[in-house]
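Protein chains in written order, with the working numbering: chain R, 208 to 577; chain W, 6 to 78.
These are calculated hints, taken from the structure and not from any lab test. Beta carbons: idealized from backbone N, C-alpha and C, even for Gly. Fair warning: there could be bad hints in the mix.
[To be verified] Here are the simulated BS3-like cross-link-like pairs (lysine-lysine), alpha carbons at most 25 Å apart as the crow flies:
(1) R/240 to R/452
(2) W/70 to R/269
(3) R/243 to R/421
(4) R/210 to R/418
(5) R/210 to W/30
(6) R/564 to R/269
(7) R/243 to R/416
(8) W/70 to R/212
(9) R/416 to R/452
(10) W/70 to R/240
(11) W/70 to R/391
(12) R/266 to R/566
(13) R/416 to R/564
(14) R/269 to R/452
(15) R/452 to R/266
(16) W/35 to R/290
(17) W/28 to R/210
(18) W/70 to R/210
(19) R/212 to R/452
(20) R/376 to R/452
(21) R/210 to R/421
(22) R/210 to W/37
(23) R/290 to R/266
(24) R/243 to R/418
(25) R/391 to R/212
(26) R/418 to R/212
(27) R/210 to R/266
(28) R/266 to R/391
(29) R/210 to W/34
(30) R/243 to R/564
(31) R/240 to R/376
(32) R/290 to W/28
(33) R/376 to R/212
[Stated by the list, open to error] Some chain W residues close to chain R (C-beta under 7 Å, calculated; not the full set):
(34) 27
(35) 29
(36) 31
(37) 32
(38) 36
(39) 49
(40) 52
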Amino acid sequence: MEKGKISSLQMAVMMYPTIVATAILGIPSVTAKFAKTDFWLSPILASLMGYVTVYIAYKLHKLYPEQTVIQFSEHIIGRLAGKIIGFIFLFFYIQITGIIIKEYAEFVVDSFLINTPIIVIMGTMTVLCAFVVQGGLEGIGRAAQLFVPLFIFPLLIAIILVFPDFEFKNIFPILGDGIMPPIKGSIVPGGWFTEFFLMTFFLPFLADKKKGMKYGMLTVFAVMITLVVVNLVVLFVLGTTTQTKVYPLMNVARYISFGEFFEHMESIVMAIWVVGAFVKISVFYYATVLGTAQWLNLSDYRLVIWPLGILMIVFGFWSMPNSMDLERFNLETFPIYAVLIQTIIPLSLLVIAAIRKRKSKRNSKGINSG
Amino acid sequence: MRWGTFLGTTVIVALIILYEWPKMKQNPKKDKMAFFSLLLMGLVLSMFNIQQMSGPTAWIVTFFKPFGEFMEK
């Protein structure tokens with residue numbers, strides 16, 4: 208179905224913004240609610256979830272090298288049960304993509320385009336991503352390669368420019384309330400790290416399959432470092448007030464005043480956000496579209512791009528009257544929901560597949576010796 | 006029922022069909038079925054006042070309520 212091939216480096220640059228893009232903006236304040244001044248430790252703990260998820264995705268890929276989760280779940284637990292698992296995955300990805308599009312648009316409307324109807328922002332982004340997805344996996348890979356530097360450089364520049372405002376003593380006390388607050392704070396970013404399971408949709412199309420695991424792990428590490436640095440920057444600038452801000456990075460950017468020339472750097476954050484969200488939504492969109500086409504055994508996945516786009520926007524609005532609901536969903540539901548779908552279900556699939564493989568090996572051995 | 010959204014979605018759906026139809030004429034029947042049923046799903050859902058309607062997201066939030074309460078503390 209997908210004839211394109213990408214390199215593992217391209218997969219890494221696709222996955223990096225997929226996690227980081229939305230995580231650097233809203234997560235610091237959510238984590239700070241639980242971990243107070245220790246919230247920079249939380250991404251380190253949360254990244255364990257990422258390593259585990261990448262490991263599971265890669266092991267499943269090893270057992271079924273040419274297939275994505277939608278296809279091999281049918282092989283592992285039978286046709287009907289596999290279809291049900293596939294449906295759960297697709298439903299999850301359609302819903303989450305819709306919610307990500309909504310999240311993206313909400314930030315743009317809240318901070319910059321106050322009078323624009325939110326549907327316009329959501330619609331334009333969906334149309335853009337639909338065209339990229341139509342370009343296929345190679346198209347997304349190249350777009351990500353092109354845009355990820357544009358994502359990292361403004362971030363670095365913003366961090367350098369805000370350096371004079373650092374209050375290093377904000378970091379103390381380290382672990383003042385013990386280790387529990389950072390652990391609880393890591394639950395929400397942990398949900399984000401499970402999104403690495405999307406790798407399962409790219410691993411079959413890698414040109415250099417051997418490096419898949421290495422680059423996956425490296426990406427988790429890069430994401431962890433980025434989140435720790437961003438959290439530290441936010442902590443050094445905002446201190447204990449972080450938890451009261453909705454988008455702490457935005458407040459940090461407002462602090463920038465360098466040589467009385469570089470001021471009002473919110474636009475940097477906006478650029479990071481738009482570029483990151485673009486790659487993130489494209490990756491999710493592609494995974495959903497490819498999965499749907501495989502689930503329905505269609506001859507081409509490009510057919511369902513536009514219809515699924517409409518469904519995603521619908522899901523972005525469904526039972527979400529305002530931005531408070533979105534925030535609550537991200538805090539109270541998404542972490543456990545994402546872990547269940549993207550880590551626990553794949554882990555059970557892996558266990559079942561491993562047991563079945565061992566059994567069939569033993570059976571064939573028995574036949575040979577007998 | 007919100008006519009504005011519904012009419013807007015209808016126009017978009019019509020444009021999508023116009024855009025995709027020439028490419029998918031030769032495709033198997035199954036492809037066309039999937040394409041049209043997905044479009045129809047979106048169109049039907051756009052008729053309702055979806056933001057206030059209880060839907061899958063609300064059910065999932067209710068389903069994970071105990072965890073939500075744990076995070077509230």
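Going down the list of hints, with the structure as the test:
{"no.": "1", "hint": "R/240 to R/452", "in the structure": "holds, 10 Å"}
{"no.": "2", "hint": "W/70 to R/269", "in the structure": "violated, 36 Å"}
{"no.": "3", "hint": "R/243 to R/421", "in the structure": "violated, 34 Å"}
{"no.": "4", "hint": "R/210 to R/418", "in the structure": "holds, 20 Å"}
{"no.": "5", "hint": "R/210 to W/30", "in the structure": "holds, 22 Å"}
{"no.": "6", "hint": "R/564 to R/269", "in the structure": "holds, 12 Å"}
{"no.": "7", "hint": "R/243 to R/416", "in the structure": "violated, 42 Å"}
{"no.": "8", "hint": "W/70 to R/212", "in the structure": "violated, 42 Å"}
{"no.": "9", "hint": "R/416 to R/452", "in the structure": "violated, 43 Å"}
{"no.": "10", "hint": "W/70 to R/240", "in the structure": "holds, 19 Å"}
{"no.": "11", "hint": "W/70 to R/391", "in the structure": "holds, 17 Å"}
{"no.": "12", "hint": "R/266 to R/566", "in the structure": "holds, 18 Å"}
{"no.": "13", "hint": "R/416 to R/564", "in the structure": "holds, 22 Å"}
{"no.": "14", "hint": "R/269 to R/452", "in the structure": "violated, 44 Å"}
{"no.": "15", "hint": "R/452 to R/266", "in the structure": "violated, 40 Å"}
{"no.": "16", "hint": "W/35 to R/290", "in the structure": "holds, 17 Å"}
{"no.": "17", "hint": "W/28 to R/210", "in the structure": "holds, 18 Å"}
{"no.": "18", "hint": "W/70 to R/210", "in the structure": "violated, 43 Å"}
{"no.": "19", "hint": "R/212 to R/452", "in the structure": "violated, 42 Å"}
{"no.": "20", "hint": "R/376 to R/452", "in the structure": "holds, 20 Å"}
{"no.": "21", "hint": "R/210 to R/421", "in the structure": "holds, 23 Å"}
{"no.": "22", "hint": "R/210 to W/37", "in the structure": "holds, 22 Å"}
{"no.": "23", "hint": "R/290 to R/266", "in the structure": "holds, 21 Å"}
{"no.": "24", "hint": "R/243 to R/418", "in the structure": "violated, 38 Å"}
{"no.": "25", "hint": "R/391 to R/212", "in the structure": "violated, 40 Å"}
{"no.": "26", "hint": "R/418 to R/212", "in the structure": "holds, 14 Å"}
{"no.": "27", "hint": "R/210 to R/266", "in the structure": "holds, 23 Å"}
{"no.": "28", "hint": "R/266 to R/391", "in the structure": "violated, 29 Å"}
{"no.": "29", "hint": "R/210 to W/34", "in the structure": "holds, 23 Å"}
{"no.": "30", "hint": "R/243 to R/564", "in the structure": "violated, 47 Å"}
{"no.": "31", "hint": "R/240 to R/376", "in the structure": "holds, 19 Å"}
{"no.": "32", "hint": "R/290 to W/28", "in the structure": "violated, 28 Å"}
{"no.": "33", "hint": "R/376 to R/212", "in the structure": "violated, 49 Å"}
{"no.": "34", "hint": "27", "in the structure": "violated, 13 Å"}
{"no.": "35", "hint": "29", "in the structure": "holds, 6 Å"}
{"no.": "36", "hint": "31", "in the structure": "violated, 10 Å"}
{"no.": "37", "hint": "32", "in the structure": "holds, 6 Å"}
{"no.": "38", "hint": "36", "in the structure": "holds, 5 Å"}
{"no.": "39", "hint": "49", "in the structure": "violated, 10 Å"}
{"no.": "40", "hint": "52", "in the structure": "violated, 11 Å"}
In the structure shown, a violation is registered for the earlier hints numbered 2, 3, 7, 8, 9, 14, 15, 18, 19, 24, 25, 28, 30, 32, 33, 34, 36, 39, 40, in ascending order.
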